[in-house]
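J.: As a plain string of letters, each chain reads:
There are 4 protein chains.
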Amino acid sequence: MKKEVLFALLAVTSSYSSLAAAEQNLTPVINAAGKTLEFDWPTIRVGTGEYDEGPTGVTVFHFQKRSLVAIDARGGGPGTVNSDYLRLGYEVPKLDAIVLSGGSWYGLESTTAVSTALKDDGLRDARWGNVALAVGSIIYDFGERRLNEVYPDKKLAQAAFRAARPGVFPLGAYGAGRMAKSGGYFNCNAHSGQGGAFKQIGELKIAAFTVVNAMGVITKRDGSIAACFREASWPKNLSAFDLADGTPDSRKPGWTGHALDEDQRANTTISLLVVNQKMSYAELNRLAVQVHTSMARGIQPFATEFDGDVLYAVSTGELEKKEGSTVTPVDIGVIAADVMWDAILASVPEQPAAPKANPRLKLSARELERYVGEYTFSEFARLRITTRDNKLFAQATGPRDVFALKRTAAIELQPVARNEFTVPSRYPLLVKFPAPGQVILNPGRWQQSGHRAP
Amino acid sequence: MKKEVLFALLAVTSSYSSLAAAEQNLTPVINAAGKTLEFDWPTIRVGTGEYDEGPTGVTVFHFQKRSLVAIDARGGGPGTVNSDYLRLGYEVPKLDAIVLSGGSWYGLESTTAVSTALKDDGLRDARWGNVALAVGSIIYDFGERRLNEVYPDKKLAQAAFRAARPGVFPLGAYGAGRMAKSGGYFNCNAHSGQGGAFKQIGELKIAAFTVVNAMGVITKRDGSIAACFREASWPKNLSAFDLADGTPDSRKPGWTGHALDEDQRANTTISLLVVNQKMSYAELNRLAVQVHTSMARGIQPFATEFDGDVLYAVSTGELEKKEGSTVTPVDIGVIAADVMWDAILASVPEQPAAPKANPRLKLSARELERYVGEYTFSEFARLRITTRDNKLFAQATGPRDVFALKRTAAIELQPVARNEFTVPSRYPLLVKFPAPGQVILNPGRWQQSGHRAP
Amino acid sequence: MKKEVLFALLAVTSSYSSLAAAEQNLTPVINAAGKTLEFDWPTIRVGTGEYDEGPTGVTVFHFQKRSLVAIDARGGGPGTVNSDYLRLGYEVPKLDAIVLSGGSWYGLESTTAVSTALKDDGLRDARWGNVALAVGSIIYDFGERRLNEVYPDKKLAQAAFRAARPGVFPLGAYGAGRMAKSGGYFNCNAHSGQGGAFKQIGELKIAAFTVVNAMGVITKRDGSIAACFREASWPKNLSAFDLADGTPDSRKPGWTGHALDEDQRANTTISLLVVNQKMSYAELNRLAVQVHTSMARGIQPFATEFDGDVLYAVSTGELEKKEGSTVTPVDIGVIAADVMWDAILASVPEQPAAPKANPRLKLSARELERYVGEYTFSEFARLRITTRDNKLFAQATGPRDVFALKRTAAIELQPVARNEFTVPSRYPLLVKFPAPGQVILNPGRWQQSGHRAP
Amino acid sequence: MKKEVLFALLAVTSSYSSLAAAEQNLTPVINAAGKTLEFDWPTIRVGTGEYDEGPTGVTVFHFQKRSLVAIDARGGGPGTVNSDYLRLGYEVPKLDAIVLSGGSWYGLESTTAVSTALKDDGLRDARWGNVALAVGSIIYDFGERRLNEVYPDKKLAQAAFRAARPGVFPLGAYGAGRMAKSGGYFNCNAHSGQGGAFKQIGELKIAAFTVVNAMGVITKRDGSIAACFREASWPKNLSAFDLADGTPDSRKPGWTGHALDEDQRANTTISLLVVNQKMSYAELNRLAVQVHTSMARGIQPFATEFDGDVLYAVSTGELEKKEGSTVTPVDIGVIAADVMWDAILASVPEQPAAPKANPRLKLSARELERYVGEYTFSEFARLRITTRDNKLFAQATGPRDVFALKRTAAIELQPVARNEFTVPSRYPLLVKFPAPGQVILNPGRWQQSGHRAP
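Protein chains in written order, with my numbering: chain A, 9 to 462; chain B, 9 to 462; chain C, 9 to 462; chain D, 9 to 462.
Treat the hints loosely; a few may be bogus.
A pair holds if it fits inside one copy or across any two, identical chains being indistinguishable in the list.
With a straight-line Cα cutoff of 25 Å, these simulated DSS-like cross-link-like pairs (lysine-lysine) come out [unchecked claim]: (1) K329 with K364; (2) K329 with K286; (3) K364 with K244; (4) K43 with K414; (5) K329 with K102; (6) K244 with K228; (7) K286 with K414; (8) K330 with K73; (9) K207 with K286.
Simulated from the structure, these hints should not be mistaken for lab results.
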């Protein structure tokens, strides 16, 4: 059955609003990947699901062997499912899955969806000792960064869960990291993503995964900044420390005349650490605390009011503890902290280059006329394209701004190519008209598509 | 479109298993009620949803004015969504809805479903300051008490949410309390439900709601037991204290030769207290602690390892605090504790009477033959009816026992009426054949239906 | 060396204020007792210390075998030492001693004093694995209930620790319970104390100890009130429920024209539960939660803002867990909850009878004249006795009131005997002049002594 | 009266052991200082007390205006007093003093001592609204680092409290930092201390104080290590990251044939952040979390099992919040995190140089003979000096080793000067005989004195 038909059916048979209907109409993109981390650990299966229409996504970790899990929630706006149960000190491994998701609190549907999928698929059932335990957390990937409110829902999470496979973890703007950003505190607004790293020492395995959607900047081991759309006036080689040291003044150059509003400030880094060594509840909690704390080195600042940072530490228990081992639990913490720093750095995708306006390129009034009209991205965002004096202008007309294209006034779009335009600013903005009646902003992994009403 | 058609469509278009398909095929029963609590408080809307096929259900409280909420989790096996956020000390009212649900951890899907419904319906959106906040908890209503694993899912919770209305709260085996039980610790296994109570003193309003699915017995103010299928050998007028005082011996008479297994032990009481007076975070936490603790009077024992007890305390903030008020926060706690005790007592539904076998009733071999066959309740439970020597016999043949009808041996069904039979025991069991090919166990609010394969 | 000489020496050699000097001058009263609980458990040693001058006191539990301990803090104003360490989930028994003390937060000096005594006495030292661990909590036994601010200090606690012995626990107004009260919420203001109870089932031992200084009333198993100076107008046989049910009105009859001030409201119940069965961290925490919660039956209301309730649960680990034992951890919780209720009830001392004024007794002006003068109880409380018209009058002249004898006006003292007087009221008050220049209020365990300046 | 006389008196009049007597005989050294932080903030008074005989010490912060305080405990072995009260969400400023102390859990006596001093001095009393609130934490400064078990006791803490003054904070090995060490995880074992830093932006004041006794190494902003007795074989310019990256191998070069034992591993960093801006409970908690987490940059690793890290965040509330201020709470967190890093770096004292043996220096048998004998440091440590073949030898003879001078065998002392000797090793060791019958190890701030029995 075609998607359109299903949609029509659902629209008829439900009392859902158009938003719900739109959400139901989306097609999961499963296990998309560019660069990947490959790691040898058969009991950890990873699946990712994305809705390109957001874009947004979810990453599901399915443990083939029930595991022990500890949680360390440190952010000012966390999203969690079943965290109370994790704090009761039980030594019995119960964990089936951890779900990291976009979509802010709406994305918690991803976590409950994996629980029910475990039951629906017969892997777990309703006997108390066999009830599925999926826990998970979310990032805030809405706000000014995209023009719609699509979130990772039950369908997407269950599809990702069912597609989970061992040994491969997509790096960058994939899965839950699809629409992550970093550095908003300093107005860096770099694209971010999900990172992973793996280390094996003898039989000991340590894997770290993180979705870095931090208000802070991602920081390398020499203190330099891994990703930032920099303010033009900044001196070269500014370190994370330099930025912090200048606070609050360092934030001013990047300000566009207004303080950060609530949507821009909302962030979150969610992380998962897995070890194969058997650990007690107290040891696993300690590991969670030590490693989560250590992330303040790779993300600066960290654990602010506007982050909802949560870390899960999991012991699969596949490797028995050895008395007198030279690798003690505190050593594992030290090593894992550096594996996690590697994971943080691996989350950074290649940043899009700023399009350059071509002042020599002259487009005729007729050419420009073809683009004129009102384009709809979602019920929250529309763009009106007009032309005047052989120039193209754009103005947001829906309830919200469209990036640098505000509702307050029409702004000139400068030509980059015959069907590509830009507005020069700190942040890259490419407005492309790929086909009649269609506009794509910033083509690529983070693109936003609009359609002109016929 | 008929349900069957939709189901067929969905079966084709999804990769869901048969369990998921069955779940999707269920029809929400909305706002069913017998006795109700009526209360005058327009900003609290209540909706219930039930699947008769479980039976199981969900109760949604939708606050028309964002409210401040505190959580007190005290049980050994709680289920929670977003509880970490509630513990950060914020004074800003954010709460939209509280969802109490059956279905153990699977039922947490009800809570996330209400969050996303709030967004889908346009009441909330994705701007950080306007993201929906639904929190909720669940009871364990599976195990030996029913023959299937139906749980309150997204569809049911969203339907209940959308049907929420002010001023009416169904009492007893409705909503999340549809399949609740109490007193399992003493093998009482009484049917239980959801209770509510309301008190107004001047302008001050206090409402208490609770789904009592406790391992302990519900206890009246004079110490007597509100509901219990009593062991025949027990002396009359045993109080809750008498039972506790005799522990562990008091439990022995009721034992059927085996200790409680994990499924029988799993319980939970989930509660909600609402006041209209504006309270600070610290005051609301205190209220939650004081009232939740006080529930140990009405439920004995309380907060055990096998309960997942959680209480939410909500201040709608509609009534400003008055300096020097004679009703102080600690007074509110004292009053609310008694309103909650009333709510506990109001949760008890009328218990089914034990069917009495009629030894004079003789059924012919031909009559009995009509009932013979294998009846399926779910993929977990089947019942084989046989006849021998003009007697009817039943034996569970699926993976699990069917109440007193075990997998180990066929047991005689004694006639109550021409198409009704029983097995005398501590717990009522009525086996009714209402129509050819159909069997209903314990007809009524907790009935289980089986069908004979053609 | 005599106490006076030592005091003089200390006064010279220190910069301490007169308050500190007075405190240093007090003589510990060790292991005083009336009724006692006797119990067979050699590894638990109990010592009590009291300062009659308060009166106030401390109770020290010294475990001869390092034990595992869990804490459940539920009151609105707790006092604790090293509670964070107890919540880290360690399974290693570390506990040496638990110290329950009067003196509000000042009494926490008792807990640290026992730690350092363990070291000073060579039982522990400074190697990390052998550092002493004493934890403890306090009750508020100041306020209007006594006329000085003496608190259980280092000297008293160390003396009690060193006098600890197995098998005997004083019941009532001894040790930390010396100046406890209960029922302040309903203006009962009954004298209270420390209670204990013990139960052995086979090899399983359970002991409960509690210092009940509750804002709530102590409640018997039939719901009746164990101790209360009742308002004359109350109907007979008021139950705890009746009082709560009438709130806030039920509090009014007892009001003397003013709301409870901060000092009157401050209370706290601190408790200790000990089992000999080996328990895991999670099991011991659960036991603490279950039993502490259950105390809401015996103390109503419980865990209010003005209580600082804390319970410690200790496993000495002397009895190995048995697989398949009929006494499970949850059973232990049920049993222990009732042992604790017994302990609560055992805390109630005999209440002093109200002195009856003898209207026929006429004292001559000369007799009365002997009592005239200004009596000092402490730097906070003085009483001026005057005579007029062959009647004796009293008025508080220091910074604070002296029970019913206020600073606002002189009140007549009615003769009970030649040297005993009273002011009839809800609460017994006996003013006795035992010797020239001396006054004793309420002679007995709670007496306050004043001296007339020469 | 002379100290000796008082001591004799006390020895007679008490039942204290010799350890307690020795402790009582010590003389507080008050407000000693080398480098200091000077800061303009009259409401914060700081006093330090030290016992040179440990050495060990305490640092008392006395707030002249009751302040709001939040706690963030993150280490695996914390010591705390009254932390439960701090987590109840109250918005009422209650804090009087924060006490940071050496002495492991024994040093908590310092905290309770300051509470009682506040009362004894009449600054607070026993009325509930006016009860003193001192909270505090401790570091572990025993173990192999010193040869006795002296701890900061009631006398020392009260003396430090009474000597507190505004505006001056001693940096390095003073107060609670007197015997701190850092870097034990990598066997650096550098001397450490207490650090402070202050920043003012407009009217906003931020002060950070920390006693760095960390298992991790103190790390500068460029990643280099601030203090370490380095393994000779290490390459130059090893960064904190290099050390961590090599774990567990990087630890091996420094190992002396045995793993760290419990005493060596025990550490702790305790910190205090003060802001003058009025903050809510939630904001102050967030500040504590954000800044404590950020310390993982300056101390690597941080928050391990063998640290007991605790941070207190205090708002004096002297500066009202301004709406729309450009310095938001999250900015304060960013700024404060860097002030805290400055404080960490300021804690490092100048490290003692390694004494160089002078092979040309020949001492006669007669000269050496003068040093021969058995020297007592404490009841835990004695040193036997012998001579043979014109060489001096030392062997520990008490219950514990004396640094590199073990109990297992006599080791040669190589001459540095006529009365100074050394044993070359990774860690400086100077054995000096300053006067007949006296030996001092490592003369200076960390010296240990021994006396030969006559």
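J.: Decide, hint by hint, whether the structure agrees.
T.: Consistency of the hints with the structure:
Taking the closest pair of Cα atoms, K329 and K364 never come within 25 Å of each other, the shortest separation being 58 Å inside a single copy and 44 Å across copies. Taking identical chains as interchangeable, the C-alpha atoms of K329 and K286 lie at most 25 Å apart whether they share a chain (6 Å) or sit on different chains (23 Å). For the homomeric pair K364 and K244, the shortest alpha-carbon distance inside one copy (21 Å) is at most 25 Å, but the shortest distance between copies (46 Å) is not. Within a single copy, K43 and K414 get their C-alpha atoms no closer than 35 Å, and across copies no closer than 56 Å, so neither meets the 25 Å cut-off.
Taking identical chains as interchangeable, the C-alpha atoms of K329 and K102 lie at most 25 Å apart whether they share a chain (19 Å) or sit on different chains (23 Å). In this assembly of identical chains, K244 and K228 lie within 25 Å of each other by CA distance both inside one copy and across copies; the values are 16 Å within and 21 Å between. For a Cα distance limit of 25 Å, the shortest separation of K286 from K414 qualifies neither inside one copy, at 55 Å, nor across copies, at 37 Å. Proximity of K330 and K73 under a CA criterion of 25 Å is satisfied intra-copy only: 21 Å inside one chain copy versus 28 Å between copies.
With identical chains, the CA atoms of K207 and K286 are at most 25 Å apart within one copy only, with a shortest distance of 17 Å there and 38 Å across copies.
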